[in-house]
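Working from the sequences, and respecting the hints, build out all of it.
The primary structure of each chain is shown beneath.
There are 2 protein chains.
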Amino acid sequence: MSEKATSLSDLGLYGLIEHFQKQYKPLNTSELPAMGEDACSILTAPEHLSSTTLLLEGINFDLTYTPLQHLGFKAVTVAVNDLLAMNASPSQISINIGLSNKITLEMLETLMSGIFAACEHYQTELTAFKPAASLTGLTMALNVTGKENKKGLVRRSGAQPTDVICVTGDLGGALMGLHLLEREKRVLQSNDHSQPVFGDNEYVLKRQLKPEGRTAFLTAMEKLDLVPTSMTGISEGLATSLILLCRSSKTGCRIYENKIPLHQNTLKAARELNYNPLIAALNGGEDFELLFTLSLEVYEKNKEGLPEEVSVIGHITEEDKACRMISNADDEIDIKARGWGNLNI
Amino acid sequence: MSEKATSLSDLGLYGLIEHFQKQYKPLNTSELPAMGEDACSILTAPEHLSSTTLLLEGINFDLTYTPLQHLGFKAVTVAVNDLLAMNASPSQISINIGLSNKITLEMLETLMSGIFAACEHYQTELTAFKPAASLTGLTMALNVTGKENKKGLVRRSGAQPTDVICVTGDLGGALMGLHLLEREKRVLQSNDHSQPVFGDNEYVLKRQLKPEGRTAFLTAMEKLDLVPTSMTGISEGLATSLILLCRSSKTGCRIYENKIPLHQNTLKAARELNYNPLIAALNGGEDFELLFTLSLEVYEKNKEGLPEEVSVIGHITEEDKACRMISNADDEIDIKARGWGNLNI
Chain A
396 MSEKATSLSD LGLYGLIEHF QKQYKPLNTS ELPAMGEDAC SILTAPEHLS
446 STTLLLEGIN FDLTYTPLQH LGFKAVTVAV NDLLAMNASP SQISINIGLS
496 NKITLEMLET LMSGIFAACE HYQTELTAFK PAASLTGLTM ALNVTGKENK
546 KGLVRRSGAQ PTDVICVTGD LGGALMGLHL LEREKRVLQS NDHSQPVFGD
596 NEYVLKRQLK PEGRTAFLTA MEKLDLVPTS MTGISEGLAT SLILLCRSSK
646 TGCRIYENKI PLHQNTLKAA RELNYNPLIA ALNGGEDFEL LFTLSLEVYE
696 KNKEGLPEEV SVIGHITEED KACRMISNAD DEIDIKARGW GNLNI
Chain B
396 MSEKATSLSD LGLYGLIEHF QKQYKPLNTS ELPAMGEDAC SILTAPEHLS
446 STTLLLEGIN FDLTYTPLQH LGFKAVTVAV NDLLAMNASP SQISINIGLS
496 NKITLEMLET LMSGIFAACE HYQTELTAFK PAASLTGLTM ALNVTGKENK
546 KGLVRRSGAQ PTDVICVTGD LGGALMGLHL LEREKRVLQS NDHSQPVFGD
596 NEYVLKRQLK PEGRTAFLTA MEKLDLVPTS MTGISEGLAT SLILLCRSSK
646 TGCRIYENKI PLHQNTLKAA RELNYNPLIA ALNGGEDFEL LFTLSLEVYE
696 KNKEGLPEEV SVIGHITEED KACRMISNAD DEIDIKARGW GNLNI
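Line by line, the protein sequences are chains A and B.
The first sequence begins at 396 in our numbering and counts up by one.
The second sequence begins at 396 in our numbering and counts up by one.
Keep in mind that the hints were calculated from the coordinates and are not lab data.
Think of the CB as a built atom: it goes at the ideal place given N, C-alpha and C, for glycine as much as any other residue.
Treat the hints loosely; a few may be bogus.
[Unchecked claim] Lysine-lysine pairs mimicking BS3-like chemistry, simulated, CA-CA at most 27 Å apart:
(1) 546(B) - 542(A)
(2) 605(A) - 420(B)
(3) 663(A) - 580(A)
[As the list claims (entries may be wrong)] Each pair of labels, with its calculated beta carbon distance range:
(4) 662(A) - 441(B): 48 to 54 Å
(5) 547(A) - 620(B): 50 to 56 Å
(6) 401(A) - 458(B): 41 to 47 Å
[Said to hold, decoys possible] Some residues of chain B that are not near chain A, with every Cβ distance over 12 Å (derived):
(7) 419
(8) 459
(9) 485
(10) 553
(11) 555
(12) 579
(13) 597
(14) 609
(15) 638
(16) 645
(17) 651
(18) 660
(19) 666
(20) 697
(21) 706
(22) 730
What follows is the structure, given as structure tokens:
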């Protein structure tokens, strides 16, 4: 065996996926499965999709400030979002859960009540519940199965030069919510008598603690007979999603700093935290919005009637133009994915 | 919120599943989903099945004595087994993996080579690989999707009184392998210079470290045109599987101590470890054999031609007869499931 010891952080998250994708020899197809897509098609039942999400204590959530009911709801949202990101609707969910001995039945009931509420919200049947013991904190693996929407699946790989780049909702809020919670945790740890002070930051706290997937947006697009040329979820910041979409589509892109949608409460929290809200939008995570492209023709025909949550942030270019953002000072800045970034591996 | 703090171990593993199964209100069916089945049907694509397996360091494996390549192979076996246990064949697998910073690229390559080998062994395409950082040890979530075999799914719930109870292979070996490894770990920890001594215990070590699912058995049964009336996997000991099968089928059972298949190497290792091999078979785990029932008529017609790995261990009774084992001394002993048992929650 080799004595080399290469750190995983040398490759980064997506480098690691590509590394093993190249090593794997498919059994039945000449094509490599798209191992890094948001969800994967069920080979024996095309039109159907499956995606698994793994959530680990200390990485994906901190039980010191996360209400268990919200955690249950959010876990389902994270899982469901991978299907939404391909224009599919979830129909059932299974949950495997590793329980440490600090978790009581009452705590688990609170967590499960959030999962049940999310199942109802997303009209998704819970079909498996597999508890197990854990020595290493609360661990959840959620599998979501569903079906493509009427207009068919939308993949990351369909963007073409001149396509218009759009996002739903606003970005960076979930990260600002996280930083507020982390700040309050430090205050609480240093002073037993103080109470958390969230002021009027409910919006960003809700973005962090109880995000909701964009099901209504997909329904609206279907009613308008609009099909994106490509789409992906924004779970690890706009920069990562843009680069994945452009790499899959073999294109470049230009986005505009002043077009990136930032909520006024995100801007306010960012000021309070002395944090650059643009960095939060580009490299933050967990906004659970959708990034998609429309052909220029379709966009021009429908621009007045797009769902109100849509913002146009730029356009797709030829691949050799790279992925860049035009800053407010009119500079072209390379867009970089954060890889493992703040995951501390 | 309630101030009660009920320990999860008061309910036991299957008590916990039933607890939440009763609390859940299904969306679209009047029937409660069978949340504890080995795998679940895909609601939007009947005939197709999905199952997720969560494997946690310190609970499901110990990296101090588990070769990473075997761990990769075994992880796929554990996942695939849930589909085999319902008479289905796996067609694709996805893996989410939480990686702690002690895992190097070279270690991950060894683990993945075992996963790749198992994918080839089970003719199952790897369609998603999602790595993430973990602060709490190596964590794997594997989802397997597949399709029912030609004769259709076999559930736990189909057993009828007078049906013959069968198992594949032999039982208790994997637990004896585990105890040998644990013993060697203690020796190695107390003395840096000693080497592990496995003697001629390769059989039970392989049962623990590199188990294989019973795909060939299912193919053989299909060729013989034989369909079990009920079936489940034996992953947590014969006792738990028998009780789950009888509870689902609303029956009791009688099995015979002297019919339980024990490999001669399991008996030998049990002597060496001063362990009761019957307890290993009933309450051990990870044998990954199949427990199934045949109608008496079908059994009588085919008993000479059954696949050689099949042992008949007893018969199904009416529910009020309970689940009991006839000992070699002709006593009737209640069969008890171990619940969380050695999971130390």
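Hint-by-hint comparison with the structure:
1. 546(B) - 542(A): Status holds; Cα separation ~26 Å.
2. 605(A) - 420(B): Within the cut-off at roughly 22 Å; holds.
3. 663(A) - 580(A): holds (20 Å)
4. 662(A) - 441(B): 48 to 54 Å: Once the Cβ atoms are compared, 50 Å apart, the range 48 to 54 Å for residue 441(B) and residue 662(A) holds.
5. 547(A) - 620(B): 50 to 56 Å: Given range 50 to 56 Å: violated, Cβ gap about 40 Å.
6. 401(A) - 458(B): 41 to 47 Å: violated (18 Å)
7. 419: violated (6 Å)
8. 459: For residue 459(B), whose nearest Cβ neighbour in chain A is about 14 Å away, the distance exceeds 12 Å, so it holds.
9. 485: violated (10 Å)
10. 553: Holds: least Cβ distance 19 Å, greater than 12 Å.
11. 555: holds (26 Å)
12. 579: holds (20 Å)
13. 597: Holds, since 21 Å exceeds 12 Å.
14. 609: Given a closest Cβ separation of 20 Å, the condition holds.
15. 638: holds (17 Å)
16. 645: holds (21 Å)
17. 651: The claim holds: residue 651(B) sits with its nearest Cβ about 31 Å from chain A, beyond 12 Å.
18. 660: holds (28 Å)
19. 666: holds (30 Å)
20. 697: Since the minimum Cβ distance to chain A is about 30 Å, residue 697(B) lies beyond 12 Å and the statement holds.
21. 706: holds (28 Å)
22. 730: holds (22 Å)
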